[in-house]
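S.K.: Generate the whole structure from the sequences, applying the supplied hints.
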Amino acid sequence: MALITYREALRQALTEEMERDPSVFVLGEEVGRYQGTFRVTEGLLQRFGEMRVVDTPISESGIAGMAIGAAMIGLRPVAEFMTFSFALIAADQLVNHAAKILYMFGGQIAVPVVFRGPAGGGAQLSAQHSHSLESWYAHIPGLKVVTPATPADAKGMLKTAIRDNNPVIFMEHAKLYSTRGEVPEGDYTVPFGVAEVKRKGRDVTLIAYSQPVLLALHAAEKLAETEGIECEVIDLRSLQPLDMDTVLQSVRKTHRAVVVHEDHRNVGFGAEVVARIQEFAFDDLDAPVLRVASADVPIPYARNLERAAFPSEEDIIRAVKRVVA
Amino acid sequence: MAHVIMPKMGDGMTEGTILRWLKKEGDSVEVGDIIAEIETDKASVELPAESSGKLANIQAKEGDTVPVGAVIAEILGEGEPAQVVGSVELEPSEPASPPTRKEPVVTAEQAEPPLQERVKASPLARRIAQEAGIDLAMIKGSGPGGRIVERDVQQFIASRQAAAQVPTVEPARPAAVRESPPAVGGEPLSRMRRLIAERTTITKQTVPHFYVTMDIDMTEAMALREKLNAALPEQSPKLSVNDLVTKACALALTRYPQVNALYQNERIYPSQEVHIGIAVALPDGLIVPVLRHCEKKTLRQIAAETRHLVEKARAGRLTPEEYTGATFSISNLGMFGVDEFIAIINPPAVAILAVGAVQKQPVALEDDTVVVRSRMKVTLSADHRALDGAVAAEFLRELKRVLENPYSLVE
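Protein chains in written order, with the working numbering: chain A, 11 to 335; chain B, 42 to 452.
Don't read these hints as lab results, they were simulated from the structure. Every residue gets a Cβ at the ideal spot worked out from N, C-alpha and C, and that includes glycine. Treat the hints with caution; some may be incorrect.
[What the hints assert, rightly or not] In silico contact screen, one side only, chain B against chain A (beta carbon under 10 angstroms); selected entries:
hint : residue
1    : Pro-164
2    : Val-190
3    : Arg-192
4    : Lys-268
M.R.: Listed below in structure tokens is the structure:
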């Protein structure tokens, strides 16, 4: 085990997979000469050369189309979006092509492509550059959507994504890149569709993914210290496929749940989780399932307003207290 | 084509039994015609047609018990073919226009109790309560907005168990005798028996009863009754002792509204209106028809209405409004020569009066002379959550005063 950053973990995964499989290559804006906007691809150009680390024009639609085409002829591209806020312009490629080609061609042509990059905000990037949007992708049959929260999962899940024969939306978070965590050395993978219980608790189930997992864990610690409320914290890790078994097992124990995400509340992924909880564990619920999410407003630039719009530790604590009331 | 459904005749009714079909398939029916008699937990009622046409496709035979909302027959319009039907979901948002009828009959619409506040409870609390056979109405919710949550049900179960365990003074009986199962046979409970079993069990386990007994001199009251009855035409029904007691209770209750109260959700609702339930024995149980607004009724009105209700009760024809809503109850076993007894409260009311027989007894007067007087013992069972011994005693003292000075009964 080594204590490394989320960023380094991603880089290790890319490096090891490119070493392992010559069909794996990286493309995107500034991934080569500039070494990556968030330094994830640092050193890759020097190590693997221009054929396998491709700087592209500023055209997300082009990046996605090129990656899909390469995947269709047998390569395993890892396309980087500088942020998922910029991927909107590639929506047709992702939704109508990447997600549908296997189906439209009767299973003859797989599209083993990974689209990765940071989602979310919190660094005063304002309304156009702070999108999460995982619920958009999770809504599309044919796409896998994963949202690792720790360096270990970032590495293990990126490897799984690269080896998957289907298009994978791999959503990182800018605020996670510098976080550190224990990461197993060498080759290992983390499967999709398996949530992880990050903290055991008996009173309330906190369900989160990506960066808000850390928020939930902090809130859980504080609640345990100050209120004696023991939260069980579940990191979904993968939204599509989604591991409801782990969630339901926990809810059947705690009888209360709060879903936390950074995306807007309205029609966010939390709504899906809440819907499934009530559908499959109705008789186990002792309180309504609540959501802690971003306000339904364009994310503001001003620091104080941005803070107010994003979910906070205090918001989680308030929600937990409401469900145990 | 219109469905004829098993109507919901009162809160808590989930199924009903077809006693009798008064029309047969193919008969023409008019709106309001009585087509069947239905038996609910407590009464039998007439089922009027809600549309005109030909009765067809009778689904439930006489004696069949079917859930509320189930289709039991159809009424076909002119020339309509019969269809096979199953059941329709009943949320009696139904009949568009109320049936016009010639005589007052009870319909599902009428019998529907006034909109009650739904008990707020979490799904988990509901499940646990259901599994434990607990009526959620008996539990107070501690959650947001008074929602009943898991801990409330668990606490209720725990307290019930504790209450059940306290008087575990096991009689020293051989275990073999106690544990041996009853011999073969045994009768299943009738619906009414089962209802009585459930309600009295829950009431006795959850309502802290206490009892206060009073000896009342009925000599004057009996003399008054005799005079009043003598003045009546020969064939007209006579005033009973119970009528005097009911009227006296009505007077005393208006002066002690704490005894004429409802206890619900940890709140006490003293009532200015006096609705007295009169326990009536039936071959298979008992029912408590309710004499409404006794505070406004004369002794004769009380007597006449009681007689009417008792007759309907014995015929099994009480409507739900006629056996719900009591603010106080009277149970009289005097006619059996019972000296005194104690009764179980009829919640949410907080008290019930058990009345014994009027008996001639020697009574020692102040001057140590002994005279023969007519005496009657009454015992008030009261809910200690709502009132205390002193109030119960004051109420009984007032009742005694009224009956021993009986002319206020006819004022």
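S.K.: Next step is simple, just say for each hint if it's right about the structure.
M.R.: So, going through the hints one by one against the coordinates:
For Pro-164/B, the suggested interface contact is upheld, since its CB lies about 5 angstroms from the closest CB of chain A, less than 10 angstroms. A distance limit of 10 angstroms between C-beta atoms decides the matter here; for Val-190/B the minimum to chain A is near 5 angstroms, and the interface restraint holds. With a cut of 10 angstroms, the hint placing Arg-192/B at the interface with chain A holds, because the nearest CB-to-CB distance is about 8 angstroms. The beta carbon of Lys-268/B is not positioned within 10 angstroms of any beta carbon in chain A (closest approach about 65 angstroms), and the interface hint is therefore violated.
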